[in-house]
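Undergrad: Chain A is already provided as a structure; the job is to place chain B on it using the hints.
Number of protein chains: 2
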Amino acid sequence: MATEKKVEQITARDVDFAQWYTDVVKKAELIDYSSVKGCVILRPYAHALWENIQRTLDGMFKETGHENVSMPLFIPESLLQKEKDHVEGFAPEVAWITHGGGEPLTERLCVRPTSEVLFCEHYAHIIQSWRDLPKLYNQWCSVVRWEKTTRPFLRSREFWWQEGHTIHATREEAEEETLRMLNVYATFAEESLAMPVIKGQKTASERFAGAENTYTIECMMHDGQALQSGTSHFFGDGFARAFNIQFTDRNNTLQYPFQTSWGLSTRIIGGIIMTHGDDNGLILPPRIAPVQVVVIPVAAHKPGVLDAARALCARLRAAGLRVRLDDGDQSPGWKFAEHEMKGVPLRVELGPRDLAENRCVLACRDTGAKQTAPLDQAETAVAALLEEIQARLLDAARTNLRERTHTAASLEEMRHIAQTRGGFVKTMWCGDGACEEKVREVTGMKSRCIPFAQEPLGDTCVCCGAKTDTMIYWGFQY
Amino acid sequence: MATEKKVEQITARDVDFAQWYTDVVKKAELIDYSSVKGCVILRPYAHALWENIQRTLDGMFKETGHENVSMPLFIPESLLQKEKDHVEGFAPEVAWITHGGGEPLTERLCVRPTSEVLFCEHYAHIIQSWRDLPKLYNQWCSVVRWEKTTRPFLRSREFWWQEGHTIHATREEAEEETLRMLNVYATFAEESLAMPVIKGQKTASERFAGAENTYTIECMMHDGQALQSGTSHFFGDGFARAFNIQFTDRNNTLQYPFQTSWGLSTRIIGGIIMTHGDDNGLILPPRIAPVQVVVIPVAAHKPGVLDAARALCARLRAAGLRVRLDDGDQSPGWKFAEHEMKGVPLRVELGPRDLAENRCVLACRDTGAKQTAPLDQAETAVAALLEEIQARLLDAARTNLRERTHTAASLEEMRHIAQTRGGFVKTMWCGDGACEEKVREVTGMKSRCIPFAQEPLGDTCVCCGAKTDTMIYWGFQY
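Just so you know, the protein sequences line up as chains A and B, in that order.
Per this note's numbering, the first sequence starts with residue 1, numbered consecutively.
Per this note's numbering, the second sequence starts with residue 1, numbered consecutively.
Treat each hint with caution, since some may be false.
One copy or two, either will do: identical chains are not told apart, so a pair holds if it fits within one copy or between any two.
What the hints assert, rightly or not - Once the Cα atoms are required to be at most 16 Å apart in a straight line, the calculated EDC-like pairs of lysine to aspartate or glutamate come out as:
#1 135 to 32
#2 446 to 432
#3 62 to 376
#4 37 to 103
#5 37 to 107
#6 37 to 85
#7 302 to 329
Calculated directly from the structure, the hints in this document are not laboratory data.
The model shown is predicted, which means the values in this text are computed figures rather than measured ones.
Next up, chain A with everything else stripped away, as it sits in the complex (with noise of 0.2 Å):
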């Protein structure tokens, strides 16, 4: 008889969250550390994950028209440094290539740390005429910004992503491209993720580097922190210029072409582990979860009983569900802890008394409630179950979000709530970039975004007090 590994203890959430998330991405099996500092292995849980994401997404990408490319991993220098605000704002944070088959390369290359001027090179090699465009184009790849403080997915130094970069003719499609797919991240954090989310636009500071304007969807984690979980820029002509990237129009007139990019990233798993974990592990969104059902067999060695869960099963997996059957060695209570530590909404249990009297033990993750089923009508019991514990997620994300959300009409009153509140704090505010900072400065939170959802919660600035119908939330983040 094996040994039985005990499912560990994590911290609990009330007493550090840090701690606790540190906790459950090893003990969950998402992640394991590499020898280079702030890279890490995703594991096949954590791949899983991944996968269901990229797989969800990828379809929305290509129903709005997309085309997937995949652009090299390396910029020269020459080419990082043709967009002075971009090369600014990445320049400091990448990883040199300094010499490549035992010789000293002619000209440093970089790890790409976002691909804009790869697509701009490319773009001015394949756009001549208005027939080029537009050109809608993704790509899934990871990326290297060399941070100084890391974390397991939400920072790290080489992460992956999805980065879309998109050409058009004119700037009202390109802008409406910007939104379109800014909506597409809101619509899957919501829809798959059970992730409410803010959508608005970034401040000046925060725009991404070379970007006009970047929109952005924020959410609030469980411990009263912001995370910004995808952003969608739009670029103007700025880029085409730098790179003199022309077309000729319907006229057969020279003009430049109007550029957006937007990125989602692994980050997302942080978010989802932040939004729904309690102090049992990991909680998965059915729509994403690798695994939506462990059927667990009780008392397997009894006649019929491993059977009947193969059996189940088999009837699960045909009703299109993801199943895993857990006929290890392990008591039933370990196996319930750890399948609870990796978040798998929703347990079966099956026994010799459940086949007795034909029927199946369901136990929802998020709840902890059991209910039991007819065995013949297993399927429909489980599949409308994952659709509740869909909707519950949601709705306790939804709650977590209003409740973390406050609002103040004086710099005092945001400090206060930013020192024992902490969450999003709603205000309004003049615009002006030296508010912005001075807020930081007394309270250590970050503009998030002025929301489209604007509230009128007044008519002057919570910093000076100016007139302004302008809303905007701040928080601390990640």
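TA: Coordinates of chain B only, in the frame set by chain A:
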């Protein structure tokens, strides 16, 4: 009226095969060159082809129990050096990162040329007991090898691939896995890509750096050169010893586990091009083609034509086919040439006369043959023709392989074949590396593999005349 871009001519294969290849990859819009030598851009059409390859292979990997992971991009110099043979093979051709975030690194990092050492470091963390074995992992990523001469797909500094890495409790199990995955590659190449393969074992001098044994699938291109199209390596316990990976077996004794790795890359796209293409451009096997059927309306301005073409596309899509409607304003002739260049297996033409007669015209890319089908039976006719094309491509490639495979009993005979006909040369071989080297010097051909399907061609080595019962394939290689 827009000016019509002519489909440009490509070099004929018989005139200059290398130039034909370069023309095809550019003009079928598979790749674009970046400003970094040897690093190309996979354009949407090539990427869609690669995605189909990925989807099929990934499914085969999962069916055989493998899980995907993602490993870091970087390998510290000290980690690369842990296995002596491995570092000797790869260190001369890696790219080195020396600076990150504006500072010199304390230890150089190379961009992974392959990930054995990263997997080994991870295995050492996660494997303690027999219960942790086997681990059957795969990753999809790009790797970097600083090649001196480069050609798109065939030899590039960055290329995309999958690398499988597995670790097992016993030698036998690892050996089985090595051959299982070679067979997966062979099945995939023949069934999906219509590329017949020679399966066999590499000679000692051609083994992967650090492997006890390397198996390969070798394909014959249309110009008589061989293409190594997928390899599977058995490592014994050499890496486990170098990285101190140990597990306690069921008797509580410490043991070293056994490893494999296996890879197939975007090089296979070069293989598809050079196996099936003709002087009009690409020919893609239907099972893997991004577009299986292009529907081209003829006299599209005539009433009903465009609507009928759209309706036909919808029906073909509903039948599970990958369909494109080309409703652009170019002439049908231009479109025919364009989709021939891109290798779309089947073209459907639909004009007013066809509609009047309730039929459509079907043109096969490989033969150029046209036939008509009743419009209301288009799905069946199209699906059947695609199967026929797939089978014909495999037959044609088999014929090419057979016609380009020769037998030689002496070095002089072999030299003559090498100079006049190329292709594969089958001979007997004593197994001595010195003979292998002499054959290469005299004929220019390198050993391809010792095939599993041995044939009794004689009983003496083609080079030294020593007694032997081993048969080997030789060839010029890409």
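Undergrad: All hints are to be evaluated individually against the structure, with a verdict given for each.
TA: Structure-based check of each hint:
1. 135 to 32: between (38 Å within a copy, 15 Å between copies)
2. 446 to 432: So residue 446 and residue 432 pass the 16 Å test inside one copy only (14 Å; across, 70 Å).
3. 62 to 376: neither (38 Å within a copy, 29 Å between copies)
4. 37 to 103: between (26 Å within a copy, 15 Å between copies)
5. 37 to 107: For residue 37 and residue 107, the Cα distance is within 16 Å only across copies (12 Å; inside one copy 26 Å).
6. 37 to 85: Neither. Shortest intra-copy (28 Å) and inter-copy (27 Å) distances fail the 16 Å Cα cut-off.
7. 302 to 329: within (13 Å within a copy, 71 Å between copies)
Of the numbered hints stated above, those contradicted by the structure are hints 3, 6, listed in ascending order.
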